[in-house]
Structures are given as structure tokens and as C-alpha cells.
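*Asks:* From first to last, the protein sequence lines are chains A and B. If you count the first sequence from 1, position 250 lands on 250 in the working numbering, and the numbers rise without skipping. Take any residue in the second sequence, count from 1 to its spot, add 1000: that is its number in the working numbering.
Hints are computed from structural coordinates only; laboratory data are not their basis. Be aware that one or more of the hints could be misleading.
In silico lysine to any residue, SDA-like type, Cα no more than 20 Å apart, as pairs [what the hints assert, rightly or not]:
1. B:Lys1407 with A:Asn12
2. B:Lys1317 with B:Val1302
3. B:Lys1409 with A:Trp266
4. B:Lys1407 with A:Asp8
5. B:Lys1409 with A:Asn6
6. A:Lys317 with A:Trp266
7. A:Lys530 with A:Pro431
8. B:Lys1389 with B:Ala1357
Source: prediction; values computed, not measured.
2 protein chains.
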Amino acid sequence: MVNPYNQDLDQNPANYQPLTPLSFLERASDVFPDHIAIIHGNTKTTYREFYTRSKQLAFSLAQLGMTRGSTVSTLLLNTPPMLEVHYGIPMCGAVIHAINTRLDPATIAFQLDHAKSEILFYDRELGSIVKEVLSHCQVKPHLIEFVDSEYEYKDAPVDLGADDYELFLNKGDSNYQWLMPENEWDAISVGYTSGTTGDPKGVVSHHRGAYLLAQGNAMVASMPKHSVYLWTLPMFHCNGWCFPWTMSAIIGIHVCLRQVRAEPIWQSIKTHKISHLCGAPIVMSVILSFDKQQDYRPDHQVQFFTAAAPPPENVLKQMQQAGFLVTHLYGLTETYGPAVINEWHQEWDSLNMTEQASLKARQGVRYLPLEHLSVLNPETMKPVPADGKTIGEVMFQGNIVMKGYLKNKTANDKAFAGGWFHSGDLAVMHPDGYLQLKDRSKDIIISGGENISSIEIEEALLKNECVAAAAVIAVANEKWGEVPCAFIELKVQHQWNSDEALQWCKSNLASFKVPKYYFFEDIPRTSTGKIQKYVLREKAKKLI
Amino acid sequence: MVNPYNQDLDQNPANYQPLTPLSFLERASDVFPDHIAIIHGNTKTTYREFYTRSKQLAFSLAQLGMTRGSTVSTLLLNTPPMLEVHYGIPMCGAVIHAINTRLDPATIAFQLDHAKSEILFYDRELGSIVKEVLSHCQVKPHLIEFVDSEYEYKDAPVDLGADDYELFLNKGDSNYQWLMPENEWDAISVGYTSGTTGDPKGVVSHHRGAYLLAQGNAMVASMPKHSVYLWTLPMFHCNGWCFPWTMSAIIGIHVCLRQVRAEPIWQSIKTHKISHLCGAPIVMSVILSFDKQQDYRPDHQVQFFTAAAPPPENVLKQMQQAGFLVTHLYGLTETYGPAVINEWHQEWDSLNMTEQASLKARQGVRYLPLEHLSVLNPETMKPVPADGKTIGEVMFQGNIVMKGYLKNKTANDKAFAGGWFHSGDLAVMHPDGYLQLKDRSKDIIISGGENISSIEIEEALLKNECVAAAAVIAVANEKWGEVPCAFIELKVQHQWNSDEALQWCKSNLASFKVPKYYFFEDIPRTSTGKIQKYVLREKAKKLI
């Protein structure tokens, strides 16, 4: 039978436009041209200026031949140009490639070559790194240097023959008719995974997903119009979780921050009335480390979104006392940033802090713009029982899952097998539908046929007052197949030895989970702060 | 050149799902199952129950053969079933057809026939109307009667052999695997224009647009999680402007209301801490008419969204004093409800009430999910100058413009000519980019070659303290082509005659805009409260 609701009711430009977050900035500039968009030190930029400068940037890029499918890279800190490139680059059809500035030159060079980067924006502070990068890579990107007038550079500038950012931008036509994506499925960005093993993979995001996550951030965080956002999260992480676009949708204010340091954070909160900020747990530690909190204590509540690791109980408690509401999020580069949220229930407020922390340690439920989230048995592709015990793999289905990995069909076929995105993260599902991470697939320890979560052992170790950080890996064992092995960083001026650690674990863990080996030393981390377990595995082979 | 960002990066179920607002309810039920979703009198429904009942309804409808492309109609008031059908009907793939309960039986019959309705849900109170409707129409829809246990029916029930709503729903399988749309472009609803002239047209909306406007409402209104919404806007108006879906996205509470009466509104605001409500200016009049406001005055600010006519200065003032923040919206059935918003600038708060009212009388700027809004010269399709004077036609481009009119290719070709949706509304564009309606195309008066806005004349008349309502139309005139003719409703116990009215207009309008004729009598209105100017035109022909 013919469906009458599909007859002569086709898409046309009047009723169908590609979704793109670029339209948020156009609207913000049209409606609130004089509202402040960006604060950086003493420099304030209005929405009219922000939009105009983004169009100028797009024009100048187009003049250099940038078009749909071109890659434009950045080695920038959380400064205004980093916001401008999030609009200017896609406004000429090109793809944003924001590079983690903490990476080593060889890895950066790999990314530039893989993405065939044609232009590289960089901050003067990173000139010497750029020089080294260029000696490693095949591509010869056009260089554009940003000199931050709000910052006192310590080192002498490195002359690489780069264009000056302001001059380059100012050449642009402020009335440039920027390009809408031809299709909302067009790429807006490429971001590389940190690659704890193997070559980094280029995660391609599209306009549709960026539009939806940008709105989703505001929706799940109840961010009202004119919110004020502090940039403690590096914008090179999944395009700042799409917040560069979220803020234009709600006509909010970006407060830039070159470095995550306690005093400027507290000062911004007070001076600019920061309403929201994001970051890994280390950012909370930095905030709480400040000894003059009383001088800057704000009158309003500040919302802090954290990801990468569950917020520990004592940190939660101190953050609450300091006037912050902490929300725990979880996501991957492949999901544009946060895709899972620990949605808080008002009735949980009455629980004690230990119970609250235990509930808040769970990653939670699907973000509003994510259609499906599940913990599946990867063999059967069936959901694990929601018993809080059975481990499965976290899988996603929805519009905020990446377009795929760039030039890597094999990885795509694997990642999307069975119609779900396989995160590689292992988790349990609690009876109330909240999931909790237990491990990365490759970090699980299988001992005597039992799956052991290295996170569970690490958490047990972290409960001891001497322990600053802990990383547990599997080591081969003739009898059990694998056994856990613990690497421990002690707090300053604390003493703890293997016997004490063993006793502690015996008292706090089921016996089959107790590590057989204990090493006390610094734990190696990636530039993004992730523990490099593969380095520890190599080390353990030599030590045992 | 091949664009590498389009190679081996296709859509698959892991990274592409059709947008549909139905997924909001599934999430609300999964994450906040025990949160209250609906309050109706003494009955409270949780999100788990709301979702379960919607699935049961969908199952029972599917059992009756409802499938993709079927039309299911409703003659319901703002009661819980009206919310349940907004999920249950599309969950089996069918299309919601919510009928204005104030229409005459012949018009309702026309709609049922045109949409080939297969099922009709109705409230017991409307039984006698349904009986009459059925005598007019060709289709024989399956009847399902809702008996509201929270309401005392005055009239005896009319026996039409209908199924009972609760029994029908309870037969349904609560684990029904409801249908996602095959495509986000699939129809979710059909709603008929009120048809001031000619046959009503069936406006078809799709899942994509409903998803985007539902979120857009929350975004532009800064509606936080757990907002509480009072149903003063009839849900048969553009599916309640998509708020039935908005509330699930933010896990809010619906407070139902069968009738718009002052005391229950004030009582709800106080008891349930209503945060948001919507309605035509008449709803504000009802609210302000209540003489015991002091007894129910809430501690919090209430947001009121109004559309259909600019809020008059004295109403704005009184609403502000009563604790309401009024926002002026504008849209059409063809745009899912509001598509234009009078975005308020904080600095305008310091202006006097006359200036504020004059700024608030403007319809404003594009809604966040609308891509483009313009006032174009329909001949040249070029924007009119933003001078606040030159009249053009309001046109829309974006994802919250309808799929089209059902079975009406001619109307679609006309409505979408030149790639813009032609609203038929005339407006000026102010220098700051805010548009202001001046008239419907067919209501403009062309006198001596000058375009005269009938709204402008009506506003001038309304400024006189004697005038309750005014409608101005064009009448033929040998010398001028057309001249304005005014119909005036006086306030109770007020006296005003033609000479006084003429003098008033001469003092308040440019001379060419002064009406030549004045009639003092009741003004005919449609069921939705719109003035029927075509009736006045017929009348004027006889009177002059």
C-alpha cells in the first residue's frame, strides 16, 4: 500500500537544511552582537567580532586553496584562536585537526602525514616543537603562528617563516559567504586517539554529531542562556567535548586559560562568575590545592564535569565544600566527548558521602543525544545481566558515534561489527541501568579462569592512605595463567612495603584478586595523563 | 579529487539512528523511572508508567492494524491520554491527528475524511459532537472513549459503541518492541490549518523536526532538568508546540488542565511549583482576572510563553507584577509551533514599561533549530531593507518547517516556491534584525498605492480605553482603490461613537491610514480565537 505521508512530501531547501553547529555562531552574532563571547586576560571579544573574525579566517584559508576535504591542523593552547579555528576552518569546508600539544614530535609528525595536513596553526610557545615536528614529517604545511599578546613568552621566538595569525586573519573578507556543509554527514574534524598501543587512529566526526552533542551538553547540564564557561579542559581533547559550539548555542561566555593553575581558576570563578567547567580529576586536585580559597569563594554554585576516572570520595567531599557540584561523565574520542552521564537523583543527596561517592563512581546512563548504550557480551552480542557483577563490553549506537577512522577500513569493520560501536571498555550493568567501568578489554586479568578487574584492585590500593597512584597489570603465571601485579606510587613522606601491601590487599580483596607482585616506583603516563600499561607490562617481564 | 573524509566512512546502525522524540521518553523511563511525569487532579503517573502505558497503547493500536502511514485521530482535552497518544500512536508507526475540539462537526468530518482516519480517540464530554461528526463523514473510524475519573461530567454519556480507553490500553503488551521510524523524515503528525478561507490544509510534520523543536524549546527557554509545565496551551495546537516531547527530554512534570480557568491555574502554580506555561494572550487575561492572586502568589518566577498576538503593555506590566516573565513567540502550524522568539536583552530591563512593551511587541528572531528566517519581497525574493518600515513576507528555511501539505501538491509548490517557506504573514525588519508582523498578506490594505497595515490601525484603536477589540479590513473605494474599515467591540459600560473614533484615529495615525467607516458590534472569531476577517468583509459589503 502506498503511504500517503510519503507522497509529494520530499525534502527541499525550505524544509531541510544540514545540521551544523556553525549556524549557532551566526545566530548568536545576529541576535546578541554586543554580548561578550570570549574573555582572554584583558581582551574581550563580542559575538559580532567572533563571527566576523571566523568568517575572515575562513576566507583567508579558502584563499590558500583550502576546500572540502582539506585538513587544517592546530598546535594551540586554550586561547581565542583555538575557538576561532573551530568555526573558521569548517566554514571554508575544511576539517579541523586539533593536536594534543603534549605529544612527542614524532607522533605529531605521524598525524600530520596521515591526515595530509596542509596548514598548521601554532602558538609561538610551541615553535621549537614545531621545528622538530617538521624535521620528522613528509608534508610541508603552510605555517601560521599565533603570538599571544596576553602572555609573556619566556623563550626567544623560533623563526620558521610562518605567517602571523592576526595579519593572516585580517586579510580576510568579513562578508565572506561561508560554506554550509553539503551534507550533515560531512566531516567537521579529525582527532587522533592517544594510541597506547599501535599507530594512533584518526577519528572523523561530522557536522550532525557535533550539532547534536553541542546541544546535548547544554541539555543534560541544564546550562541556561548566558552561562559562563572556563576552559580548563584542553580544546584539543575531542574538540573540547564540543563546548566551543555549545556556548554559541546558549550565547554564553568562553573564559580562556593557557595553563591549568589554581589561582587563575579561582580568580576567574570569582571575577567572571564562572558557571561551568570541565576536566580530568587532576583539575579538581589543582583547584583544591589552592590555599587561599576563602579569598575567592564565589556566591554561586559552580558545575564541574569530570571524566577519565571516577572522582574519589575525599575529592568529591572537598569539592562540595568548596562550592562545586561535580558530575561524572564518560566518553571516548569516538563519541565526540561525553556520551554517558552519571545522572544524579535528588533523593541521593540525603545519603552519606561514602554512599554518594560510590553512586557517583558509576559512569551512568546514555547522554540525551545518544540513542542506545549497552553492556554486551561481545561473543553473543547479548546484554549482560544487570547484576552489577557480570562484565561485558560497553557499546554505543547513535548519532554521536564517529563517522569512522580515517583511511582504516579494517579498524572500522572491527569497531562497528554487529551494528554497534565497540568501545573496548569493560563494564558491569547495575540493576538500576547505570553502568560502571571495570577495565579496558586489554587490561582485564584472567586468573584461574576468573576475570579480574585491574580497576577494582587499583581502587583497593588507593584506599590506603600511603598510596598516591596505582596501576595493576596481568603477568603470566604457569599455574593460574595470569596473576595481578601492582605498581604503586607512594605519597611524599609515606612508607609502605610489599608485605604491608600484600596484607592490605588480603584484607580488602577476594583472595584470587590479591596481586602476587608489588613494585614501588613512578608510573609512566601518556601526554593526556593515561597510564601506559604496555610500558609496565614490558617492565614487569624484566622484573619478574 | 577524492575527498578522503568520504571514503569508507558510511552510515551504519552504530553511528546513525533516525532522530525521533520518542527516544526521549524511553530514556526518561530508563533513568528516572520513579520521577513523576504527569499530574492530573489527584492522579500521578511516573515515567515508568507513562512509558509502559505508551507502549501498551502502541501495541493495542498495532493489533487493530495500525501501521506506518495509518492516521489515528483524537478529540481530547489536555488530559493524560493526550500525552500518551503523542507517544503511543507514533510508536506503532502511525500518524497523530489531534483535532481542535472547538471546531464545528462538518469541519472535523472533513479532516477525518481527508486524512482517512482509522481510529478516533475522544473524551466522553465530546460524545455528542462525535455523534454529529460521524453523520457527516465518509470514514468510519474505530471509536475509543476516554472517561476522565478526575472530572464530573454534566451530561449523560452518548452511547456510540466505543471501546473504553483504559480497557483498550490495558490489553496492550507492556514489553512491546515499539517501532523506530524507518527514516527521520517519516511523518509523526498531521494537523489542519484553521482555514479562514478555503478547505483546511493538512500540515505533515516529521520525527526529525519534532525532535529538534522539542529540544529547541528547552534550549531557548533555558528550561532546566525537572521543570514543571502547566498545560494551558491546547495540545491540539501544533501538538502543544512539541512540549509533550520537550518535557521527556528534561525529565519534567506535565500538569494537566481540562479547562483554562483562573483558580486552578493559580492553585497549580502554587501547589506544583509550575515553572513554565504557554498560551495566547487570552490566557494571560484569565490569569490576571483572578481576584485572590495574593493567596496563591508563588515564591518563584514563572515563565509564560505567548504567541498569536503581541502582549499589550498593561498586560505585560500586570504579569510582571504578578511574578511572571513573559516571552513573545511566533510561529505557524507549518513550523511545528514557535519558530521565532523575541530574544530579550538584559539591558532592556532598564527601559520604561512603554519602551519594553514596544520592544516585546516584535516577534523577533529565529528559534535556535530554525536555520534561516527572513523578510523577503515575494516578487524579487530579496530581503527588504532592515528599516522597520518596508513590508515584505516572512519566510523560513530550516528543519522545523513542515514536510508539506497532505495530498496537496499545488499548495506545496506554492508554499515552497524559490526554496523558502512562504508564511503569508507580512512584516518589517528592524535595524537590529528583529522582525515585526504587520499583517496577513490578504489583510493588507492598499490605499492610494500605499500599503496600510490593518494591525497598526487596530493597535491605535486598542490604545483607547473604551476599546475591547478591533478588526480593520479593506473595503473597495472608487477614489483610493481600498480604504480601511473598522469593526470595534467596546468594553462593558463604555460609550464611544463613530465621530469620537474618527477623531481618535486622526490624532493617532497618518491621515491616509484613518478608517473611513466604523461599526460597533461583536467581532466573529474562529474556534482558535482568530478573527474571521472574511466574515467582516462580507458584512461590510452589505453595510456600506
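*Asks:* Just pull the numbers of the violated hints for me, sorted ascending.
*Replies:* Result: hints 3, 7 break, sorted rising.
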